[in-house]
Structures are given as C-alpha cells and as structure tokens.
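K.L.:
Here the protein sequences come in this chain order: Z and V. In this text, residue positions in the first sequence follow the working numbering: the first is 605, and each later residue adds one. In this text, residue positions in the second sequence follow the working numbering: the first is 2, and each later residue adds one.
Hints listed in this document are in silico derivations from the structure and should not be mistaken for laboratory results. Honestly, I wouldn't trust all of these hints.
Derived DSBU-like pairs: lysine-lysine, alpha-carbon spacing no greater than 35 Å straight-line [as the list claims (entries may be wrong)]:
hint: 1; chain 1: Z; residue 1: Lys-988; chain 2: Z; residue 2: Lys-1005
hint: 2; chain 1: Z; residue 1: Lys-650; chain 2: V; residue 2: Lys-66
hint: 3; chain 1: V; residue 1: Lys-66; chain 2: V; residue 2: Lys-103
hint: 4; chain 1: V; residue 1: Lys-66; chain 2: Z; residue 2: Lys-1005
hint: 5; chain 1: Z; residue 1: Lys-988; chain 2: Z; residue 2: Lys-1300
hint: 6; chain 1: Z; residue 1: Lys-1315; chain 2: Z; residue 2: Lys-1300
Some chain Z residues well away from chain V (every beta-carbon gap over 12 Å; in silico) [claimed, not checked]:
hint: 7; residue: Thr-626
hint: 8; residue: Leu-896
hint: 9; residue: Arg-914
hint: 10; residue: Asn-995
hint: 11; residue: Pro-1126
hint: 12; residue: Pro-1131
hint: 13; residue: Gln-1134
hint: 14; residue: Leu-1228
hint: 15; residue: Val-1407
hint: 16; residue: Leu-1518
hint: 17; residue: Leu-1526
hint: 18; residue: Ala-1529
hint: 19; residue: Pro-1591
By construction, the Cβ of each residue, glycine as well, lies at the ideal position given by its N, Cα and C atoms.
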Amino acid sequence: MMHMCTFSADHYDRSWWNPWETRWYTGFTMFSYPPLTHQLTALISKISSLPTAFITVMLISSVVTTLGVYRFSRLWVNERPASYAALLAVVSSSIAETIHVFGQLPTMFVIGVLLNALPFVWSWLDDADITALFRGGALLMVAAAGHHVTTLFGMIFFSGPILATVLLRKFRIPHPHENHYESEKFRFWHVRRLAMQRIQRVAPALFRCGVFGVSLIVILVVTVLPYWLWSRSDPITQITIPHSSRDSFLENTSAGLMFFLIPWGVLIVILPYALYKGFSTSNWILASSLALLALLGTGGTTPIPALLLRGSFYILTLDRFTFWATIIILPFAGLYFESLLHGRLGQWIAAHFGSSWRILTVGGLGTSFIALAIFTANLTQYRKFQPAPVNMTPIVEFLAKDNHDNWRYLTLGFGDQMAWLSAQTNALNVEGNYHSARRLPELTSTPIERLDGAKFTSIPGLGSLQAFLTNPQRYNLKYVFVNDDFYEPLLYFAGWHSLGQLENDVQVWERADVPPLPAAIPVQMYPAWQRLMWGTLPIGSLFVTAIIFSFTTLVVPRFNLSIQRLPIIKRVIHWRILRFWLIADDYRAPLRPSQDWQFWRRVTNRLFPSIRLTPVPRRIIFGLVLLAIVISGGIVIGGSLYGHTGSPEAVILAYYDALDFKRFTESYAYLQTDLSQDEYLRWLSLQGGILASFAKLENLYIETGNSVSDKMTAFVTAEWLTALGTYPIAETWQLIRIDGTWRLNLDVEPPSQPRETFITNTELGFHIDLPLTPLSETALKRGTLDRALLSVSPLNVVYLPEVPIGFAPKSYDASRIEGRFEGLISVVGAVTNLSAFPAQVTITAVLRGQDGERLAETNVMDVMMHQLWPMETTPFRVDFSGADASDILDIDKIASVELIVRGVPTSHNLDRSLVLLDEHTLYNAGLRQVDIPHLITLNTTNDGRIRWVNHVYLERAITPDAALQFELPPMPEDLKILDLPIEISGPRLADWQNGTPLPTIVIHGYSR
Amino acid sequence: MKQLWFAAICIGYMIGTTLGFSNVEPPNIDGAHIITAGDAWSVNIRIPNGTAGEQVVGVLQNGFKTIIAHLTLGTGGVANWQIPLGEITQSGETALIIYYGKEEYRQSLQVQPGVPTVVELFTSANSMPAYGEGSATIMVLPRDNWGNAADNTSEFQLDSLYPGGQHNSNTFTYKGGLGWMTLHSQGNPGRVRAALEYGSLSASLELTQTPGEPQFASLRLSPDCVFNDGRDRISLVATITDSHGNPVTDGTLVTFSWRHGHGSASTVDGQATLRLPAPTSHTGQFSYRATSGETHSNTVFLKITEETCSYD
C-alpha cells in the first residue's frame, strides 16, 4: 500500500493536471481514487524524496489521529479517560499494523481528520453552533478528499452514534414551557399534545441533522465529483477478489491473527468491560456501534456479517471494521484505565486481591500494550508478508537503455514493490497495484489481485498470468522481471527466454516477435473542468479548512460576528413557526438520564455490591487463587501447544513445510532413516524436477491410522502448485515414535554412483547481433530481422465439451458475470521451420463469426516447441480458454478459423538433449540436467490428419547420462471434430509437402 | 391589415439581412500554391470590404505542425503573411485557414519534398537460399533534409556482387517515394554485397546466400558391435548436404530413429552427431536411420553380442 501511495504521488508529481496514467493496466484514470494524500505526498516530495514525503504525511496523520482520539473521546467521557484513550492510541496495535504492516496512509489520514471533525458535528447538532458546522464541514471535505469510503462508512459508525445520542438527549430534556398535565385528569387529547411536545423537543436537532446530512452529501459529491462520474460511467464489473478478512478465523488462523488478534491486541481484554460500560450508560449507542463493528470484523467466522452486509460482504475488506472498532473502543478503554488507576475497578482489585495485583494488572496491561505495539510495528521483520527488498536501480537502468521501454514489462514475485519500480521509470507495466482500476478482461474475469503474486491465488491466478504470457503481443509485453523461481517453467514453456540475471539477482525474461508500443498510446481525455476540479478541490480542501478555522478563530470572536444577526436570517427566525420547529432549543444543562429502565442494574448491583475493604487474609487467599488460575492457564496453553507441535500430524506438516520452504537440513530432523544427512541431501538433489524446484505446497491432506506399539501409518496427499498446474502426490508414510517424538520413516537406498564420471558432447550455439524487432518503423533505423520460412500441416478444429475453460463465478458474482465456462475449442496441427536459421515461432488462432467478426483470439500457450531448429517440426495445439472463449456463449456462432503463423530468428531455448530410448524411457544425452522434461504427442486419424495433440510434463528431472521412465497421457474420450473452414496466413509460408513425416512425439525440456 | 403589413415588412428585413450577410465574398489569397519543403513563403490576403486595422487570423496546418499568425489588414483590406525559411517542412497537402470575424475560409497548399540528401537501403531478409532458389526484396528510401520521402522521379541503381564474382545492376520501382526491387540469389552460398551510389549519396548492405534444403544424407555408426552389458555408448554421425553437395546450414535438425525411439542433433558443417547408450535388452541387430526434412539416410546396423566382436 505504501508503494501504491508513492506511485500515485509520483503521478501527481509528474503531471498534476492529467488524470490519465499510462504506466499501469494499459492506462487507467487517477479519478478512481481520491487524491489528497497522494497530492500532499507529491507536494512534499518536491523538497525531499517520495519515501520521505510519504513518511512525513503518515507522521502527520498519526499525530492528527491521536489528537482526534482525544477529541472524540471527550464527547463520551471526561478529560482524564480521554487522555488515557489518546495515550492508548499511541500504543494501539491496530494503528501500528495499519501504519507499519499495511502502510495504509489514506485510512490513517482520514480517520484522524474524521475524528477531529466529529466534535464539531456534535457541537452543531447539540448547540446549533453554526461555526462548528462550518468547521466540521471543512474537515469532512478534507476527509472526503482523502478517502471517500472511510468518510462514507465512518459516518455510519462514528457519526451515527453522535446523531442518535444527541437526538435521544434532546428527546428526554423537557422544554420550560411544556405542560405535562400532571395535575389534570387525563384526557385523550393530552396524548396528541404530549406527543407534539416530544416532537418539538427533537425537531430543531432533527432539522440540524438534516442540514448536516445535506451538507455532507454535497461535500462528498462535490469534493471528488470526477470520481463519482467515473464510477457511474465505468462501473466495476469484476469477479470478487478473495480476502482473508472474509474467512473464518477459526479455520484460517493466520487470517485470524492478522485481522483479528493483532489489531485487537490487548484491547480484546477490555472489550467486555467496554460493552458493559457502554450499555449500562447513556453511551449505549456508541457501544452498539462498537459491538456491530466488532461483529462485522469477525469476517466469515460467523454467518452474521454475510447476512448483514449481503452482497457488500464479498466486496468489502472486513478488517476495516475491526480497525474502526479498535478506535471506537478507545474512550471506553480510557475509562477502564481511569477506573483501574483512580477508580472503582482498582479499588475492587486491591480490596479483593491486594494492592500488588492492582499494580501487577496496570503494569502488565501497560507493558502488554507497548510490547504488542512494538511487536506489530516490526511484524514484517519476523514474518515475511512481502518479498525481500529489491534494489530497483538495475531494472530501471535496463528499461531505460536500448529502447527497452518501447515495450511493456511485467514483474513477478516483487510484491508491493512493483509500484515503487513503476514510480521510478517511464516504462509501462501491463498490470498495477490498484485492482479497482483494472479493466482488462484477463484480469477482471479471475479472482486475482495481481499477476505479480499469481501463485498466491492458485489456479485462477495462474490462469490469468498464463493469458498474459501466452498473448504478449496483445499488450506489447516483451520483458518480465522474475524474482521468484516458481514462474520460470511457465515462462519457458510459453515461449519466453531468459536474458540472464541483473545485478540485483532478478532474472530478465524476453519474448521475441512482440511489436513495440505505438508512437501514440490511447489516452482517455476528460473535460477540462473535471481535471481542474481534481487538481484544485481536494488539495484546496486543506486551504478551505485553514481559512475557515482562521476566520472562525480570529475574525468571528474579535468582531463578535453572528450569522443570526444578519438581517435576512433575523427576519426568518422571527417567524414563529420556524423558530418553534427548527431553531428554538433548550440550552439548559442536560439532566442526568434516568436509569430506572436499566433493569439489569438491579442484578449487577446484587452481584457486585458496593466495595468494602476486606481483611488482609481474605485478600491473600483471593490473590493466591488468582495466581493459581494464571499458572493453570499457562500450563493448559503450554500443553496445548506441545500437543499441537508433537502429534504425528504436526510432524508430517512440519516435514512438508520444511520441504516446501527448501529447509532440507531441517526436514532431515523429522526423519528416521539409514541415510546420513549428506546422503539424504544428495538423494533429494537427485529428485530434482518441477515439484522439487518450482512448486509450492498448496494443500496437505493427512489421514492417520491407529498407533500400534509406537508405530503408525499415515496416508498423505500433498497438492503441489506449480506455474504449469497442480500435482497431487499421494504418499504412504510409516511413522515411528522414538523417545516420545514421532518421526517419518524414510526407507530408500543411498543414491547410486554416476554411470560415467566424464561425459563429452558438442553443442551448437547461435548469437544474433541484430535488433530485436522485425521489419517495422523502428527497424528502419536499426536493420531488420528475417522472417522465418514456415510450413503448416493440414489442421483440425476439435471440441471437448467437458473441459473447463474459465473461472466459473461464485453465486454472489453470478449476476454480474455471464459466460460459458466449459467446452474447450482447440486448433491442432504441426509446423516446420524451413528457414536457414533457428526460429521463434508464434502461432495465433482466431475464431470468426458469420460476418467475419473476431470472436476470440489466442496464441499457443505451451503445447508446442516455440523455438525450432532448421527443418524441425513440432505439433501444436491452440486452446481457447479464458475471458475471450468464455464470451462465446454458443459455439455454433463460430463460422471459420484463421491461423496466423510467423517466426523470427532466435538463438535461445534450443536444447534438444533428450532422447526417446524406447516407448517409455527418456535419456539425457546432453551435458546439463533437464529439470522439467516436456513431451508433446500427436495423434492422427486414419487418413493421416492430425486429430489431437497432447502433452505432459514429467515431475522428475533427468541428469546427464541418466534415464527416466514415463507414461503418456491418454487420449480424451469425448473429442469432437468441428468441420470449419480454416485459413492459414503469415508473412513467409511454404506449402506443406504431402508425405512430410509427422513426429508422433517430440521432447524438449527446461534446464535452469 | 396593418399588422399583416407590419409582419411582411419585418420578414422582408430579416430575409434581406440574412442574404446580405451570406453574400460576403471570400478572401483573395495571392501567393504561390505549390512550394518546396523548407522554402520561405509569402502570401497576400485580401478581404473584400475589409477595412484597415481589422484583425485576420491565419493558420497553416503543415503535417503535425501548426503555424498561427495574427495579421492586421492594411489599406484595401490586404494583409501580408511571410513565413521564413525552414518553417514549412512537411511535404504533402497543407491546409491554409483564414479567420475573419466569425467567418472561416480554407484553401490547400501543395508542399513538395526537397532534393534528396540522404538515402537508406533496407531488406526484407538478411539471408536467402543460394543457387537462384531464393530472393529478397531490397528497398530504397531517399529523403530530403526534412525527412520527406523524395518524389517518384528518383532513379537509383543497385549494384550487386555475388560470391562467385558475378556482377548485376538493377533499378527500383517507386511508389510514394519508396523504391523496391527483387534481388535473386546466384551461385554458391556466401556473401552478397549490394551498393548504391548517386552523386554524393551512397548506401550499401550485405546479404547471405545460405545452402539449400537437405537433399542427401548418409549415416555412420561407431562402433557397430558392442557387448550386451549396457556399458557401451554408440555414436551416430549423419552427414547432410544440399542439392549441390554443399553442407546444409549449421543447425539443421537431424532426427535419428530406431525401433520405438528417436533422438535429434543439429548439424555443424553438415554433420550431426548423437551419442547414446547401447541397448541392453537383448542380443541381436539394431537398425538406425537419420532423417532431415524429407531426406532419409541409409540404414546402419548395430550388433549386440554376448561374445567378442570381430572387426575384420
């Protein structure tokens, strides 16, 4: 989030008045996010740097929030508890998390401003102070300019209790002129009179509520009007992105830690007190707001938030509610500490358990608050939420030289830092870090937040990434910066090649034959008045606030100005009916509300009678009992933790976790094996392959049998996620308990010695000393690359009705997302490189309708060898899946198919060291280990036409001079051939010679 | 009746006024209508009924460039607009727009390219098959000081020198300032040098003539007899040549095949080698063959034996 802020600030630093940002998402509008904090950061960065400016604004926000907490608390409690509340805000773990872990500057800024605005709102509603209305309005304008959602929702949860409380108080306070007819005999018409009197009590305040409401709407609409216009004209229609804050915190304990336990922190101990204290006083409406926020913040732990929020449940991030709850609780927490230090609670503890317990409680709570705040602020140091910081300079330099910024780029495995990279370069990224602004169907049709972290959203995320990497020419995407090995196989088999590592260890991958960006990139133009509003009003809100505060502070008191003395207003309020219903109010000191209706008071008074100091022995006994309870609790928790880590399931989980994170030495500790540690590590290294080197453990299913004499059998299914798909691997483990600790029994032979110790071979390499583009405007100045001469076999279009082709939306998205999510259409064939040079081949298939209109278009993903030696032939299969294909609701609308085949010289990915020794054995005749062998098989009809092209990745690596057994995938059963006319086109094509041998199986592989 | 007369008079005035305004004569533009890119240009703009001191706005839309001038009418309603050298640089049709009051007048101006000062040669392919089997399109783009493509009247000749020493001279066909010609290969593989000279202008490029497609293939096996202990490795060496007996281009893929298996290797100087372990399954004869494109080699046989291999 921090980097997103700095990126946005960088935008305003570069072009304040232009809302169109081309560096993300093939262009998006900055109207999509209120700009104040970003503009403020941009302004401060003029005299410093972007990170410094960000920290400065965040620091200001923190101070404003602390002040706001004090001012807000004063509305509900006295000065001393309010002071404690402000102090607790400083050591609040939720604020520490918001600042240090999430870096949410707009949230912090706006909550601070909002809290400062609320006392003015109260003052206007309660006292009809017109000055307060202006001050509050000005501050709310600042809040709206900072973050509209917080302002909007904050009004409900923060301002709502204020409005309700003021109205309730007004309702209870009688006017001096009221006649309650207490001395008269009750008559029916008294009811109407009495009701009118009650209404008249609240009518002026209600009127002021209306004035405030209308003012708020006007402020919200006007301040960020271009945002509302944009959201109306370009509504968000994307599949909901999962967020852990909507999970059940009992099942997803990590989410529970991040979005519940850490933000609540020690305040969770105070929550029952706060609710008791709130509901038993006139602050019960604020307590209701707190209870509701706390409930909504529990996410999917209970069904209640989903029932309450309905469709919004799947759009909102619910941690926001917890954050607000931890702010609203602060006045009560202040009361709690006041009571503990100076009041009844402290006295009660001292009376029942002794003074030492009172000191211990205060000290323990205080220390816990501080410790947890420090812990939270440094949480990212202990638990990595983001990849390690990457030095961006080599990437920035790479993009700046040799016209590399003539193409778009993509980052993988950078995390939020990708925004920081974007802020430092002029080059364009195909994606971005603000998902509400996404409009590309490849992004909006899958529940993926960012391509950069596609692996964290499993198959849907990787599907979206595959769409981009398969069709890079659509986005002028030529370079991918990879900071995570996980993605290498996908890049390689999708036709990309590695250019090597930069100084910061980031790998650069390139795709040949991608056209450069056009000279003029499409830009969305907005009317000048909107750009003017966006550039002036949000930042101007600060000046408006400054002017209003100066005026109301310096000018109004000095000249004793009053709006009510204006002749017009004076005349208006002279009218009785207006004065009576809208203006007249009672300014007497508020009466203490009756507590008679609080029936539970009688019960609580019985349960907790008034405090009486007790004799010393009794305190000692109570204190000892409490100590025993604390120690017992510790023992129970410790035992539970031990059971959690020492069980067979826990050992299996720990073993696989160690394998997943490549902590191989640690994984050895969970094993019972005859192998030495060295032999074990060598055995592991010889496993190699996609699962060992490029996979992430997605799910682990453990089923254990009964334990018999310290032995147990466990059936484990590990689902490994790779960039090329999911691999479920089932294993049966024998567990043995040794010295009370369960271990997994690994019974394997020590790795055998190599067949030959010295292997020789010759390899042919190429170097192309030419520019990277084919003939084009750019190439006119820099020379040209040849177009490869290619020959394409007769083709077939096939249909597999049962195969999923898109991410079917969940029920809550279904109303917005329409599509055909099953039924794969594929074009199968073979292509030969007839050029005198190795060629990078790109095959694009287009499905066309009756009128020749384009229905869908895609390249071959990984079912082909993208780089071909001269005279080499590869089968290929173009699969129509993803957003384009999902949009074709009726496949009968497809009238024809066009295949575009093109190639350029290449010198990459030409390793063909794998040999098919027999039908089921592969052999590595080369000098390098093949990490991921890939087999593509071709199946023909009786008349020799290609019917289906299948492929399989082998899970194990093959070292030089080693062999590996394999099984080919079966033919799909429900395959149908579609009889459609096919047109083949391309820059240099030769006719397919009848009799050209078609390989039934081709083999290649990725070597790191 | 009076009202009718009054209405008729009003309508008459309205029609007369409208016609009077619509009869404003267009301005008279007195200047060259065809100029050369980079030249200075002067034009007199006469506004009929224009009076001295009135303002006229002249706009010249030349390519991506817009030149705007605020001109003051002199005696006789004439304003003079002078555009200096190097301002009008883009060849093609240029729009001249005159704004006078609320009226707007348009006229076009033809800007011709200047004399070529730079010439570039480029090709659709850097290599082509030798022996007259291949060709490449060579293009020439002469441009003036301002980057405008020259007129189609340019006449350049391309001199080509082939690997065997043959010399050819070809002319280009032009359209829109771009000239092109098809250069056919001649003789054996090697380098083709193409050059163009015209006055002080010159340009050159080089192309490569590559060998043709595989036409002949022969396969050798070494050794041709091994023990069946699975410890031996065999080498398959294929020699591939084109129709003229020259080695095929480096990197040509050769597929070696045998019973239930195959492997591949690329040629260097016409030879491709694959080394692999000898079969271990059983004794007997194993056959191997090499294929490149549509060309197949002879079949070679490997003898697997339990006894001693005899090398006669």
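K.L.:
Looking at the structure, which of the earlier hints fail to hold?
P.N.:
Numbers 16, 17, 18, 19 - these are the hints that the structure violates, sorted from lowest upward.
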